Amino acid sequence: MKQVETINGRELKEMLATATSWLEKSASDIDALNVFPVPDGDTGTNMLLTMRSSVDEANQTADSSAGGVAQAIARGALLGARGNSGVILSQIWRGLAEGLQDKTSFNGADFALAMHQASVTAYKGISNPVEGTILTVVKDAASAGQAQVAKGDANLISVLEAIVSAANESVANTPTLLPVLKDAGVVDAGGQGLYTILEGALRYLRGEAEQMQFRKPLIIASSLPQPTRVLRISPKEEKPFGYCTEFLLKGSGFNQDKIKTKLKKDGESLIVVGDDNATRVHIHTEDPGKIIRYATSLGTVHQVSIRNMDEQHQDYLEMQKDRTPEVDIATIAVVAGEGLADVFTSLGTTAIVSGGQTMNPSTKELLQAVKSVKSDKVILLPNNKNIILTAQQLQSLTDKKVEIVPTETIPQGVAALLAFDYEADFQTNAKLMQEAKSSVRTIEITRAVRGAHLNGLNIKKKQTIGLLDGELLVAGKDPLDILTKMLARLDLANTEIITIYYGADTDPAEAEEVNANIREQYPRLQVEVIQGGQPYYNYIVSIE
Amino acid sequence: MTVKIITDSLSDITSDLAKELGVTVVPLTVLFGHETFLDRVTITTDEFYHRLANDAVWPTSTQPTPAAFVEVYNTLAKETDEILVITLSGKMSGTYQSALGAKNMFKGKCRIEIIDSQQVAMGFGLIVISAARKAQSGAKLDELVDWVKKAMSRSHLVIYFDTLKYLAKGGRIGKAQGLLGAMLSVKPILTVKDGEIAPLTRLRSLSAGLDYLYNFAKGYPDAELMAVEYATTPDEADRLVNRLASVFPRERIFKSAISPVVGVHGGPGAMAVTVLEAEKK
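Chains as they are written, first to last, in numbering that gives the first Met the number 0: chain A, 0 to 543; chain B, 0 to 280.
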């Protein structure tokens with residue numbers, strides 16, 4: 000196993016140069032990951048330019064100690080930082096430089112400690128740190144580095160391997176932390192950039208510079224990417240984004256905290272970083288003039304960039320329209336509840352129309368969805384008895400071929416969507432989905448909207464009731480108790496999986512209790528609990 | 000002289016079978032960080048899955064070098080004047096390119112033909128087995144090339160993955176991207192289409208997955224050969240072979256372990272079935 004105990008200043012320079020050219024190879028791919036309104040439009044390019052400035056500064060320094068080179072790198076990054084991610088990257092370098100201060104060379108343990116400092120410094124520079132960005136990635140990577148050292152293996156390669164591996168996972172996980180990434184089905188571009196730099200550094204240590212010429216960095220796949228860009232039929236409100244304003248301030252005696260306090264009320268995404276005589280400012284503001292006027296009162300202003308973010312947003316929306324994928328066969332699902340919408344989205348539905356019990360979508364809304372999808376063959380999953388009839392009107396209202404798979408419940412809809420066969424034709428798929436819908440049984444726990452006598456039960460208004468495949472079976476008080484009773488009535492000998500979607504008004508702790516109960520009673524079964532977020536229904540349970 | 004057949008380790012042909020058929024298997028390399036292993040030469044499938052589950056480092060794989068192929072060409076050129084190389088899909092690995100590059104570097108007089116099978120695992124392993132038998136019975140190179148190219152469209156591979164976790168990490172997943180990120184635990188059924196991994200459908204349990212594989216193979220009662228493959232569950236593979244043996248001659252069903260190179264993406268618990276349809280008369 001290759002061991003690298005320590006590296007000195009000269010090797011650090013080489014490592015930096017290797018990491019920079021590694022980043023260069025995927026800068027445009029990283030640019031393509033950007034999602035608005037993540038502030039800078041070209042993260043990959045910005046990070047690359049920042050790194051290049053570091054390389055230049057490092058090459059010019061006469062200091063040959065690792066600490067001295069790190070200082071030069073940090074200085075170069077600050078002077079050349081571009082965009083939000085570049086500025087944060089410059090903070091990471093600054094923290095690293097602080098961690099490596101006065102060191103002629105450094106080992107794995109030193110580096111792990113310096114990474115920790117990098118993470119701390121990076122967070123400090125930002126007024127409102129957002130998780131699911133480069134910040135989270137540097138934090139996760141730093142902890143993994145320290146954990147590796149704690150294990151007793153401080154070989155520099157092992158430490159960096161642990162760091163890179165953790166960075167990879169952290170990047171893949173960014174969409175779970177940041178909804179805007181999740182909606183776009185991409186990972187955070189800044190995090191990806193940092194991963195690529197770290198990976199490039201690791202490859203340098205492993206002596207792979209040669210092989211790197213013929214390879215390209217991996218762009219990490221999101222741990223929850225959007226299988227397709229899903230169309231949501233429900234308009235969202237828009238507010239102005241203002242101007243993305245950034246510049247370098249030169250002079251003397253700067254106090255970053257003071258500048259931060261002064262500018263805090265003037266905008267969002269504020270970053271103020273630097274030292275006594277050079278400070279970088281990044282802010283999203285509706286009045287860039289005011290910011291610049293203040294800055295010129297403190298020193299000289301350089302590398303000014305003011306970009307209209309509303310304009311960028313328009314471009315972004317246009318681009319999104321083009322990106323809606325063309326599919327051979329489109330599927331549209333009627334779903335209520337964010338969690339359930341996510342479930343359908345993650346299973347590859349093309350469009351979602353909001354609706355369900357007591358809020359049936361109109362024919363017009365369904366028609367809009369049918370028209371919007373980029374396919375002339377559409378399969379529609381109504382997922383509710385009362386919507387099937389409305390859905391069936393569609394066939395006469397459009398030239399597109401529309402098949403209704405008459406799913407009456409959410410579990411039926413999920414089963415049908417899962418059965419979708421990517422290789423099969425339209426009619427076959429409609430048939431497969433139709434068959435699959437009968438492979439599940441559905442329990443729904445909800446409240447009676449009025450009193451009634453049904454199936455020998457005397458039901459009072461607002462009483463909790465349990466339905467099996469739409470048929471009212473049990474009435475009572477406690478949802479948990481009713482669900483248990485209903486499961487007891489079923490023959491679960493051939494059941495494998497129970498999926499519980501709990502509603503918007505259901506306490507997650509209660510859902511966990513349900514989960515534990517079922518697991519205890521039926522240890523053979525696989526049980527999954529998912530926050531469906533549906534209105535009216537405490538629980539929707541799928542038994543298959 | 001008998002045509003010699005070379006393939007790569009992704010064909011999942013066991014070493015015993017390779018010996019019996021006179022096939023040379025060139026291994027791909029599995030890397031855990033800077034530790035390198037030759038696929039099932041210096042790492043066993045069991046060791047691999049143990050490390051996959053326990054190591055912090057994510058394994059990767061690389062194609063054999065052209066030099067590795069040149070060496071095999073040189074050795075075989077002493078025994079034959081015709082060599083056929085059948086590699087896994089060129090869209091998944093550079094193995095095909097390495098074999099081609101080696102052909103240019105090769106100085107001998109032996110004729111070499113190289114075919115990109117557009118397949119992976121037994122998807123081309125069965126083609127190699129059948130071609131090797133034809134070679135043993137005296138088929139010449141041109142005849143074999145022609146046969147293999149036709150056989151490629153008759154080979155159908157269906158893969159069951161027990162988890163999406165590993166597929167998501169690997170990145171090299173072709174059109175299967177759409178399967179990722181399901182919020183429910185979902186078992187994907189995949190195939191290889193035009194040389195790339197492509198999704199077929201999704202199921203929710205192992206037993207449903209095994210039924211799918213069984214029903215798929217059962218649909219080809221007139222097949223020439225079949226294969227059942229496993230990653231970490233040889234017992235499940237045995238059961239599947241037994242089930243299939245009720246509808247298809249057992250001696251024409253091959254059982255094999257899936258290469259760790261595929262295992263990087265499939266993870267533990269993956270299973271696969273391949274059907275090589277018989278030539279239409």
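The hints are simulated quantities; they were obtained by calculation from the structure and are not laboratory data.
For clarity, every value in this text was computed on a predicted model and none was experimentally measured.
Be a bit skeptical, because a hint or two may be false.
Below, computed lysine to aspartate or glutamate pairings styled on DMTMM-like, alpha-carbon distance capped at 20 angstroms [claimed, not checked]:
1) B:K108 to B:D54
2) B:K217 to A:E422
3) B:K164 to A:E527
4) B:K90 to B:E70
5) B:K164 to A:E168
6) A:K150 to A:D182
7) A:K215 to A:E422
8) A:K150 to B:D54
9) B:K217 to A:D420
10) B:K192 to A:E422
11) A:K476 to A:D420
12) B:K192 to A:E168
13) A:K289 to A:E325
14) B:K192 to A:D420
15) A:K399 to A:E325
16) A:K24 to A:D41
17) B:K192 to A:D327
Comparing the hints with the structure gives:
no., hint, in the structure
1, B:K108 to B:D54, "violated, 46 angstroms"
2, B:K217 to A:E422, "holds, 19 angstroms"
3, B:K164 to A:E527, "holds, 17 angstroms"
4, B:K90 to B:E70, "violated, 24 angstroms"
5, B:K164 to A:E168, "holds, 11 angstroms"
6, A:K150 to A:D182, "violated, 38 angstroms"
7, A:K215 to A:E422, "violated, 31 angstroms"
8, A:K150 to B:D54, "holds, 13 angstroms"
9, B:K217 to A:D420, "holds, 18 angstroms"
10, B:K192 to A:E422, "holds, 10 angstroms"
11, A:K476 to A:D420, "violated, 42 angstroms"
12, B:K192 to A:E168, "violated, 29 angstroms"
13, A:K289 to A:E325, "violated, 46 angstroms"
14, B:K192 to A:D420, "holds, 14 angstroms"
15, A:K399 to A:E325, "holds, 14 angstroms"
16, A:K24 to A:D41, "holds, 14 angstroms"
17, B:K192 to A:D327, "holds, 16 angstroms"
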